[in-house]
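Trainee: Chains as they are written, first to last, in full-length UniProt numbering: chain G, 1 to 328; chain S, 1 to 328; chain U, 1 to 328; chain Z, 1 to 328.
Because the hints were derived from the structure by calculation, they are not lab data.
Check before you lean on any hint, since a few could be wrong.
Remember, identical chains collapse to one label, so a pair may be satisfied in a single copy or spanning two.
Unchecked claim - Derived pair list, reagent style DSS-like, types lysine-lysine, alpha-carbon separation capped at 25 Å:
hint : residue 1 : residue 2
1    : 214       : 87
2    : 218       : 62
3    : 214       : 54
4    : 7         : 288
5    : 288       : 218
6    : 92        : 314
7    : 233       : 87
8    : 6         : 288
9    : 312       : 118
10   : 62        : 314
11   : 6         : 87
12   : 288       : 317
Quick caveat: nothing in here was measured; it's all calculated off a predicted structure.
Protein chains: 4
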Amino acid sequence: MSKSIKKIGVMTSGGDSPGMNAAIRSVVRTCAYHNIECVGIYRGYEGMIEGDFKELNARSVKGIINKGGTVLKSARSNEFRTPEGRKSAHKKLTEANIDALVLIGGDGTFTGGLFFNKEFNFPVIGIPGTIDNDIYGTTHTLGFDTALNTVVECIDKIRDTASSHNRLFFVEVMGRDVGHIALNAGVGAGAEEILIPEEDLGLERLLESLRRSKQSGKSSSIVVVAEGDKIGKNVFELKDYVEANMTEYEVRVSVLGHMQRGGSPSCFDRVLASRMGVKAVESLLEGKTNYMVGLLNDEIALTPLEQAVKGKSKINKELLRVSDIMST
Amino acid sequence: MSKSIKKIGVMTSGGDSPGMNAAIRSVVRTCAYHNIECVGIYRGYEGMIEGDFKELNARSVKGIINKGGTVLKSARSNEFRTPEGRKSAHKKLTEANIDALVLIGGDGTFTGGLFFNKEFNFPVIGIPGTIDNDIYGTTHTLGFDTALNTVVECIDKIRDTASSHNRLFFVEVMGRDVGHIALNAGVGAGAEEILIPEEDLGLERLLESLRRSKQSGKSSSIVVVAEGDKIGKNVFELKDYVEANMTEYEVRVSVLGHMQRGGSPSCFDRVLASRMGVKAVESLLEGKTNYMVGLLNDEIALTPLEQAVKGKSKINKELLRVSDIMST
Amino acid sequence: MSKSIKKIGVMTSGGDSPGMNAAIRSVVRTCAYHNIECVGIYRGYEGMIEGDFKELNARSVKGIINKGGTVLKSARSNEFRTPEGRKSAHKKLTEANIDALVLIGGDGTFTGGLFFNKEFNFPVIGIPGTIDNDIYGTTHTLGFDTALNTVVECIDKIRDTASSHNRLFFVEVMGRDVGHIALNAGVGAGAEEILIPEEDLGLERLLESLRRSKQSGKSSSIVVVAEGDKIGKNVFELKDYVEANMTEYEVRVSVLGHMQRGGSPSCFDRVLASRMGVKAVESLLEGKTNYMVGLLNDEIALTPLEQAVKGKSKINKELLRVSDIMST
Amino acid sequence: MSKSIKKIGVMTSGGDSPGMNAAIRSVVRTCAYHNIECVGIYRGYEGMIEGDFKELNARSVKGIINKGGTVLKSARSNEFRTPEGRKSAHKKLTEANIDALVLIGGDGTFTGGLFFNKEFNFPVIGIPGTIDNDIYGTTHTLGFDTALNTVVECIDKIRDTASSHNRLFFVEVMGRDVGHIALNAGVGAGAEEILIPEEDLGLERLLESLRRSKQSGKSSSIVVVAEGDKIGKNVFELKDYVEANMTEYEVRVSVLGHMQRGGSPSCFDRVLASRMGVKAVESLLEGKTNYMVGLLNDEIALTPLEQAVKGKSKINKELLRVSDIMST
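Chain G on its own, in the form it takes in the complex (with noise of 0.2 Å):
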């Protein structure tokens, strides 16, 4: 890196995720802390190619930490997807002098920082933001852990009712590809039985499991499922097959939606998005690029932005068999 740093561009992307208002904040005040300029680039990639932008000092940034969503917007963009859409975009980061990029988002967000890096040697670092935790490079994205919390705060509520009518809900939960939340907020919720996309119980398994659990004593019972689990029925379908085969209980759905995407990030969150916006920017400043930043046995550390999104994220296997023990 000859040309030396003096204006950074930060930018939300993809799904949003509680914690990217705090990242954003970080990133802000830590080029403030650095006599760095800092330009927030609004609606990601598409915001990029109009010139959406704003400069942010300290002061922009206040009482944004406990915000949930994300004050610069996010958006999708196809034209980025297109050689001509990120020339745009490098035209107007150019003509707005911003030398550098921290992008917050996921997979998809990264992949165009890598094209873009690539086709005009422009500094980019990644911060991973998405309730999912699927980006391989951090123990932990923006949003997972309170994404987990609001899961188990409604399967409490939900279970207050289950166990009030000996009900068996289930419960559908995001994560398209990834069980990182079905897993995690399954056991947090204490339920019964945990539908992952990484593993196929089989719906014979699940009966089974529903009948043991009915016979060791539960009056209600709760069964966590991941949008994307490998049994391969929606949830209604579950629904309808259990009570199809099992006449015991009375069976409900809810699927939680939107709602995890949103809230005030937890302070594990904050804490992590603080973090991370001080390491990206600093990365940034010391000539390093193409960096996602993550957190790895409790450190901030830099992954090649490469790997993070080639890699795959991986579910924590002793957290099923926990699962299997505390449902017995």
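Let chain G serve as the given structure and place chains S, U and Z on it in line with the hints.
Mentor: For chains S, U and Z alone, coordinates are given in the frame of chain G:
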């Protein structure tokens, strides 16, 4: 009432709601205060028929005032709808020396109580426990206030993500025949539109309203829909209709579901439950029967149970107007 | 009122309370709905004197319905207590073409408004915003319901640890002259005793009551104390007294403090604020002045501002009795 | 370990913390899973000496995963500190055929366990349960994460009112010898300054920092103070000092107190408790003793109990720097 009351049975029935436990606690402690015995009847009328009873003293109900659900469980009983079923129930109560009943529940619960009183001249007092607020004779049923808070907290979270992405959300809340939850939570959550069973807005006016919202500079919108809204479409059909007719918005659906029934009761519901329990027991001790305890003009008052069942709770038209003005 | 109103100023003053933002939003949007201009006056009467004004339109108040505090800020002004100060304030209002005022606050705020109206014949309407619920002419002030939920949630947490250790806790809540918060939150939290300014229980009776609690099998106890309780001892002196006279308990103190003033408003407070804002603006437009908007018998109603200031809000004696019965 | 383990006792001791119940549940269910009997020992070492035991099966611990406090209660025992006391305790355990112990608590609890093991060769495994996070051998103690969320939620509320009134708040949080809560919650709550026992900032630097805050345009400020901060003044003395030296701010104090110990555990704490309980029981079954189960590098790992007691948990210096940068 020639015979003096020495033992009171308390029961929850129908859909559970936050505050039922606080009401049970209040009934039990008011009995203890007056040196009356108290018996918990489990699983509603079903448990009454089976004699599923348990003596409760002041200490039995400690630590439950802040718990959702009902420690006495709830159930629906077809058998109680038959004269034979009620005869069995009466026999069990007599065998247990239970002299009078406090029934916590909704319309169905009270209807059962009326039959029972008519057939056996058995003293009964009702306490309205349901989140739907659809009972005549009280401005607030137990659980309604808590459910409203649950719903606005969920919608606050949904709005975080809605406004980050410029999306339109249809949020379905409980209320099959009545729009109380939708109307109050809709105003409380700052919804742009509220669709309730009592009013047919019409699909055209909905589109108009959403277009007006968009033009007035709103980048995201929340529409709150009661389960039983009059437009006659379910929430997913609404989504399809709007997406087909408005390309400006990405539309998403969220069905809040059963979590609305659970959770720790609000202070309002706990206080209301405590007041109602006292009034219910003391009314029985004063020889009153066939009444429902309710909140009217901020005072605890009695309404004949028959009126409570036959009367219609009405939505507050003023709130509809407030909602309209707020979506300016 | 000969002159028609074209521009309304809105202001918050005195201690802030949850729901003030929702009321501001409602005032602003009701103005927009009626095509009236609206101006935000910052920092109460201090900002009025300084002309710290900002035009507000329907979009200016988006996203604030669920926020605690007040976006218009609050302050206390000694200068406004002088005729000169009020003259300066009036001049600023006139220069800004403001025709009428909506004042959100408590007694002090309304007293200022009455003076102002008397001296300049300036139309004012008050909205009661304070957590203390100490205003005559409304059963609920804005923020009271939210504060009650905050307090019971805190006491629920304290009870977790109290009952794990068989401890006695004195929990001090806000309310210097009135016991509304202590009384309602005390009942809601299942407190064993509630000490309020309106009633002198006496130290001896407190000890007796705690001894009775202990004998009846309670292993832990919560005593809720209003700041201004009549026993005339602060909460730490109470602790010392009880520890000196009862060795059965370990005693601890918790002063909840200012967090009671903050937090996202409950649905109840948001709806109430929305209703009050509409009524305040529309009353001004109908030529009314010197009234306070309040909730009476569940209806929004006007009370002469002078009565609101001079009248005494009274605690609900029934609740004291309910509390006694509940500590059986 | 020549003798195989057939019955395990589980106990909580010392200050309670959220997650203790989840850990008890996990210990009990892991025993059930392995067909081992499990006995709950009530009120810590005191109850052990008195033989206050109860058999627990998988169903005994239902519905407690989300409850704060400890169903086994806690107490401090002076008698257990004497050889005679421990002899009595050992006798009771032997009479009840208890072969091994899982001890949930902090330093004091583990020290007792070490004595007990040394004197009677009794197998013990510790689980770190304390909100203070002051145990060597684990990055997170049970309850720490929950306490952080409790603290930031309280400070979020305080900030609402602080920023409405341009006030400075000193907020005292728990942590007599360690600043983990203050440091993490301070960063999470966006505090302007954080005062911890590990670092003597000095009163002068505090004033400077507050002056800088004011000059940089901040209108309100939060200073988080650990109970045992090094400046050597309590939080009320700090207030007086700052008020005497800075007239720019109105200063207020809030002592969060015991509510920090209670509340429903976060998902993080529930999952951690579940994992730790499994590991504790299975380690005993594998013949291990005198270990503490901890979280190290996101894995459940064992640390010799003696090290856990003698080692020092260290605060994360990086966070101090992050905090400095964030207050820019």
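Trainee: Next step is simple, just say for each hint if it's right about the structure.
Mentor: So, going through the hints one by one against the coordinates:
When the C-alpha separation of residue 214 and residue 87 is checked against a cutoff of 25 Å, the pair qualifies neither within a copy, at 62 Å, nor between copies, at 31 Å. Taking the shortest alpha-carbon separations for residue 218 and residue 62, only the inter-copy value of 9 Å comes in at or below 25 Å, while the best intra-copy value is 49 Å. For the identical chains of this complex, residue 214 and residue 54 are inter-copy neighbours only, at 23 Å across copies versus 59 Å inside a copy, given an alpha-carbon limit of 25 Å. Taking the closest pair of Cα atoms, residue 7 and residue 288 come within 25 Å of each other only inside a single copy of the chain (15 Å); across copies the shortest separation is 56 Å, beyond that limit.
Taking identical chains as interchangeable, the C-alpha atoms of residue 288 and residue 218 are never at most 25 Å apart, the minima being 55 Å within one chain and 33 Å between chains. When the C-alpha separation of residue 92 and residue 314 is checked against a cutoff of 25 Å, the pair qualifies neither within a copy, at 38 Å, nor between copies, at 46 Å. Taking the closest pair of Cα atoms, residue 233 and residue 87 never come within 25 Å of each other, the shortest separation being 43 Å inside a single copy and 46 Å across copies. Taking the shortest Cα distances, residue 6 and residue 288 sit within 25 Å of each other inside one copy (14 Å), while across copies they are farther apart (57 Å).
Within a single copy, residue 312 and residue 118 get their C-alpha atoms as close as 23 Å, which meets the 25 Å cut-off; across copies the closest is 47 Å, which misses it. In the homo-oligomer, the alpha carbons of residue 62 and residue 314 never lie at most 25 Å apart, since the shortest distance is 36 Å inside one protomer and 30 Å across protomers. Taking the closest pair of Cα atoms, residue 6 and residue 87 come within 25 Å of each other only inside a single copy of the chain (22 Å); across copies the shortest separation is 51 Å, beyond that limit. When the C-alpha separation of residue 288 and residue 317 is checked against a cutoff of 25 Å, the pair qualifies only between copies, where the shortest distance is 23 Å, while the shortest distance within a copy is 34 Å.
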